[in-house]
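K.L.:
As a plain string of letters, each chain reads:
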Amino acid sequence: MKTVRKTPLVLLAVCLAIIALLCAGCKKNTGWKAQSSPAVSSSNSEEQSTAKPTSFTVSSFLHDLFGGELPKDTDRVNLPAVGEAREYDIPVTAFEGCAFGSSFYYLDSEDKRVFRLDLETGETSVFTDEVKNPRLVGTDTDGVYVYDMSAKEIAYFSFDGERIASVPIPVDPHGGNSYSDVFYAVSLEHYDGLLLLAVRDGVWTLSDGDTEWKMAECELLNGEYVDQAAIRSRRRLVISVQNPKSGAERRLETDISGKNAKEFPGTYSSTNALSVNQGKLWRVTSTTGCRLYEAEEGGESFVQMLTGEGHAFPVVKRVAVSNGTVLVFWYLSGRVTLLPMNTAESVRIIASTYRQEVVDTMMTASTETPVQYSIYDSESFLEKLNLALLSGSDDFDIALVSGADSDTLLRAILKNKLYVDLDENEELRAHIGEMFPGASNLIGTDGQAAFLPLYMPFSIYGFDEAAQQSGIPLPSGKWSLAEFKAFGDSLAGTGYSLFPDGSYGDMNFALRDGGFISGLAQAVITGTTDPLGDTPNPETQDALIELFSMFQTWRDNETLFGANPMIRETAFLVFGTPGMMENTEKSNLILLPGVDGGGMPARIADYLIVNPNCPHREQALELLAELTDAQNRYNYRIFQTPLWPGVMEYGYPDVSTSGSAARKTPAIPQQYEGYAAKMDEFLPDYYENSKLCFVYFSDEVGHAITDFEDGKISGEECAKIFYEEYVYKLKG
Amino acid sequence: MVKKEGKRGFFEKKPGKKLYKRFRKKSIVDAAASVLLVLFALFIVSPVLIVAVRSFSEGVQPFVDFYVWKPAYLRGLANSLIISLSASLGTVVVSVLAAYVFAKVKFKGRGVIFYLYIIVMMMPFQVTLLPQYIVSRRFALYDTPWAMILPGIFAPFAAFLLTQVMKSVPDELIEAARLDTGSTLRIIWHIIVPTIRPGIICALVLSFTEQWNAVAEPIILMETREKYPLAILLNEIQPGDVLGFAATLMFFLAPLLLFSFFEDEVMEGLGDYGLK
Amino acid sequence: MKKKTDLLLLLPSLAGFLTFFIVPFVYSFYYAFTENAFTKKFVWFDNFKRLFENEYFKLAMKNTGKFTVLAVPSVMAISLILALLLVRFATRLPFVKSALFLPVILPSATIVMLWNAYISTFTPFHSLLLIFLWKYGGLNVMLMLTALSGMDKSMIEAARIDGANVFQQTVRVTLPNIAPTLFFTFILSVVNSLKVFRESYLLYGNYPDETVYMLQNFLNNHFAKLNYQYISTAAIFFAVIVYTVVAVVFVAEKKWSESIW
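Heads up: the protein sequence lines correspond to chains A, B and C, in order.
Residues in the first sequence are numbered from 1 upward in steps of one, following our numbering.
Residues in the second sequence are numbered from 1001 upward in steps of one, following our numbering.
Residues in the third sequence are numbered from 2001 upward in steps of one, following our numbering.
Bound-form chain A, shown alone:
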């Protein structure tokens, strides 16, 4: 019986709901623009018809009934399509403007009228002189909106220049009308029945037909102010917020009420201009040249560089994108430029959260190739990458792999030939040749370049000045294990030791826990095995035992570690780290004896690989070629250790300069310049004699070394532990 009684109630509720909706759909037309319907004149009819659908369609019916939104791909700028760049001159004092159709409306700080530039002919004319002090201008499919600071109102004009309506600006919540201050209002936009006025404290919106402005309460932290705002859709706004003290910028997407804010991912550089059209959000930054970005789901994508700046600053004030054309208005430069948009697909880079800044810098360094990047949680990144490689996915073009576990992956990639030979691109091949002279065995196999290293943990050893003046004959360059043994034996009774003991120099930490020993063990292993092989070489164990017997002899006769070491690690961190080894300038740099009669085990920590199944192979290689050119290869934000000759040129691009990245903060402090020069000379030898090393040891081995040094275990036992660990990692 209960169910029977329910049905009428339900029906009643549904009816009431429908009635309510109908009422809501009929908007009260008493507010601003209520009586206005733009006068349709013949010259503008074309512009009008592309806006609201004029014929009856379901979407227009719903749009009117429920106040829904215009279809997303409505073009609210409607620029003419251009085949090549067009540049138009306007007065240098033009400071603000907005485009629609083939008109660009601009404001002149000297002449307080609204002007119009015809984008087809380049002619300028006066649009209207009915405003006292215009400061902002915005356009929409139904007319031109002008913010008049003296009259404290926003005036609405038809495309003929006829004033149709006006609305007073909102009242400052702090009392008074300080919004009429010249620096206060920053953005004016109208879209699909919503008018937006952004001021430094916040963002106000007014729907057509309403009388009350609504303020979007976005959370502004200490000292922040609103820099730009744009209407994304009738319900969502994009707000760019800046902190003038720190220079940091946030971009938010919020509701009209300021709620449901979502942070916008994107580059770290600050926004010059924002623009929304056809559902897409565009942004211009100027840190490394004027660049256009398209905001996408996972992040931003670099589209193209903007050129054609005018007579003064290369600062973009306004940008608009439509019909494959980009319109750029340069601030106080007297120029409007129309550029064809770069429609090439972007190269996609993936990385983990640890390396976001690196890929970001890569994106901002690219000038030709459109680039986009996605960031994944560091926990799952490697697994996802493995799955993508195993399943042959074409999801990404370039991957930045980082971290200690990455050498497992690198080995697998080399073994299974899961790479793109970087030598395919000639420019890239040349660059690699300059960066790694004679080191083709380092970055690939069979003469192919498989990956691009970004960060290699470096160990450079040398005989410092004291050692050189000790009178003991020192080897130089390459030396075999036999020579190493002879050298070590020759130290007996001299008071000198091979390696330092405890802390040394200004650096107050001990290297005694076996950096040298494990380095030499790595060298021996690397020298006796095939890096890509699956089975361990029985010779390796013998070689290790031999090595450790040497160590044991020296441990027992106290020439292994001591206060007068001959061999020191000279380059720990070159960049700006105080307390480097004394006398590094005078060090005689050497290679470790273990690898093939003298050479370094080279471990790669961060590297870039190109997906063999990627959809944009050529563009990816071109991007890499650009990143390795003479200017970018010394960008410390990307390549993080001095990896190639020209060490002195390493630096950070100075972001406080806008425009080109000509200024750099050098990464090598002045007092180490001599050492840097020495390293420059040494690097070619280093690379030529380096072999890829995939051996890494865990804490357990560290304990073994400590035990060995303390005399608790013999050399042979220690060697066996090393070997077992190596086999464990290889086969387990």
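By construction, these hints were calculated from the structure, which means they are not laboratory data.
Among the hints, a few may not be true.
[As the list claims (entries may be wrong)] Partial pick of chain C residues on the chain A-facing surface, computed with a CB cut under 8 Å:
#, residue
1, 2084
2, 2221
3, 2223
[As the list claims (entries may be wrong)] Only some residues are given here: those of chain C computed to face chain A with a beta carbon under 8 Å:
#, residue
4, 2006
5, 2019
6, 2036
7, 2038
8, 2052
9, 2056
10, 2207
11, 2213
12, 2218
13, 2224
14, 2225
15, 2226
This one's a predicted model, so the numbers in the text were calculated from it and none came from an experiment.
Don't be surprised by glycine CBs; every beta carbon is placed ideally from N, CA and C.
For chain A, the structure is supplied; the task is to place chains B and C on it using the hints.
P.N.:
Using the frame of chain A, we list chains B and C on its own:
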């Protein structure tokens, strides 16, 4: 709900111990065994109590900070709830039908298929990881809650459990019902389901818990942070962080509450129907 | 009369199961017989040979087997004994039931956090064993308890009257009666003993001590090396073992429960 005849909650007497005949409810041995049981329970729970105490060491504020104001947490909670509830409800529905067939319908290959279910249940997930990834991409499930929900619905565990449960439903009951109606579905819905209701709820709760705590699968099959279930977000909390303790405590409160509500049924479902 | 269309009821579960579990599983078989995941060269049983020669695979199987063989009977025996002793108090203390179930509901990260302090006093193998017992002991106790309390007492009475002592009553009468539950618990415990990998991973990382290097470690590490063929080969081998074990136990259980009639 059909209660079985003659089923009692506990023995009156322990067989073989003549002592018990002399004592009734308040015997010393009773008390001793009670204490033993309580102690055992406390032992099991003790690590959790320690965590709970520690999480309150800084007062209630961390809880408030964490839960009431962080949208990321609430979003993760919503995701977890959606995934876990859908998967567990779905798996129960699908598995009840399957269990009926496994338990009551003889057909060729029944044993083989059932074994298949058991074997797959035992497989470590790395085995099917790559193919499942490929499947999820091909069916456009990747990075949607469906990537977790669908495999959850068809996971063999519930079918296994419910088959065991179903075996205890007497055949005569079904035969009798078949005289009233020929439709098997109606028999299942009206007769069998009420009979094995505890078993169903048990399967529901255990499946829910499994999905709620799953960390490995979402990490692989999902990408955007906003869609992650709570288990992953909490994985990132450092140990030693009071906030983390508080968060974790609240995190397993959900399955705990669910379980407490249905305690009795879960018990019955697991034990009672192990009998043929 | 059972209608043949009843078989259709199995269809949803089977269809989904096939799509999401069997097909992926079988698809991975394909890798077991190819040289590596990228070339399509068919190499017959080479991979199996290499797998069995890999000492770490052997170690993993040994450790996994050792763990399961130790853990499962232990947890079943402990819970059975406890249940037999405590069968009187199954429903009297409500919160106890929740308490015994609690560890099962806890996520692994929490468990590791809880146990971090204590595990250093045990060897890794024993720590994992302890965690396993702690986590599933309560669950099994409740399983047995309810099975025991639902049992038909009259048979035990009959045996007692016939002169059997407690031990004989338990072994010859009680246990066979709850044999299906024992089977169920056994399967469940084996499955759960494999899940201990989650805690092992959180505690000991990718390359744990050699005593706790288990099958899943092996699989995980080779996945990171993109050696997918090892994974599928090991999976096939493991599936065969599991099938055999389960079949044996199933037959044993059947025989045992029938023996009381």
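K.L.:
If a hint holds in the structure, say so; if it doesn't, say that too.
P.N.:
Verification of the hints:
Hint status for residue 2084 of chain C relative to chain A: violated, with the closest Cβ pair at about 43 Å, above 8 Å. A least Cβ separation of about 6 Å between residue 2221 of chain C and chain A falls short of the 8 Å threshold, and the interface hint therefore holds. Taken as an interface hint, residue 2223 of chain C checks out: its beta carbon lies about 7 Å from the nearest beta carbon of chain A, inside 8 Å. Hint on residue 2006 of chain C is violated. Least Cβ distance to chain A is approximately 31 Å, over the 8 Å limit.
For residue 2019 of chain C, the interface hint is violated, the least distance from its beta-carbon to any beta-carbon of chain A being 17 Å, above 8 Å. Hint status for residue 2036 of chain C: holds, given a least beta-carbon distance of 6 Å to chain A, under 8 Å. The criterion of a C-beta within 8 Å of any C-beta in chain A is met by residue 2038 of chain C, whose closest approach is roughly 5 Å, and the hint holds. The beta carbon of residue 2052 of chain C comes no nearer than 13 Å to any beta carbon in chain A, farther than 8 Å, and the hint placing it at the interface is violated.
Hint status for residue 2056 of chain C: holds, given a least beta-carbon distance of 4 Å to chain A, under 8 Å. For residue 2207 of chain C, the interface hint holds, since its Cβ comes within 8 Å of a Cβ in chain A; the closest pair sits about 6 Å apart. Evaluation of the residue 2213 of chain C hint against chain A yields a held restraint, the C-beta minimum of about 7 Å falling below 8 Å. Annotation: residue 2218 of chain C was flagged as interfacial toward chain A, and the flag holds, the nearest CB pair being 7 Å apart, inside 8 Å.
At its closest, the beta carbon of residue 2224 of chain C sits 5 Å from a beta carbon of chain A; the interface hint therefore holds under the 8 Å criterion. Interface hint status for residue 2225 of chain C: upheld, as the beta-carbon distance to the closest one in chain A is roughly 5 Å, under 8 Å. A least Cβ separation of about 4 Å between residue 2226 of chain C and chain A falls short of the 8 Å threshold, and the interface hint therefore holds.
Violated hints for the displayed structure, listed by number in ascending order: 1, 4, 5, 8.
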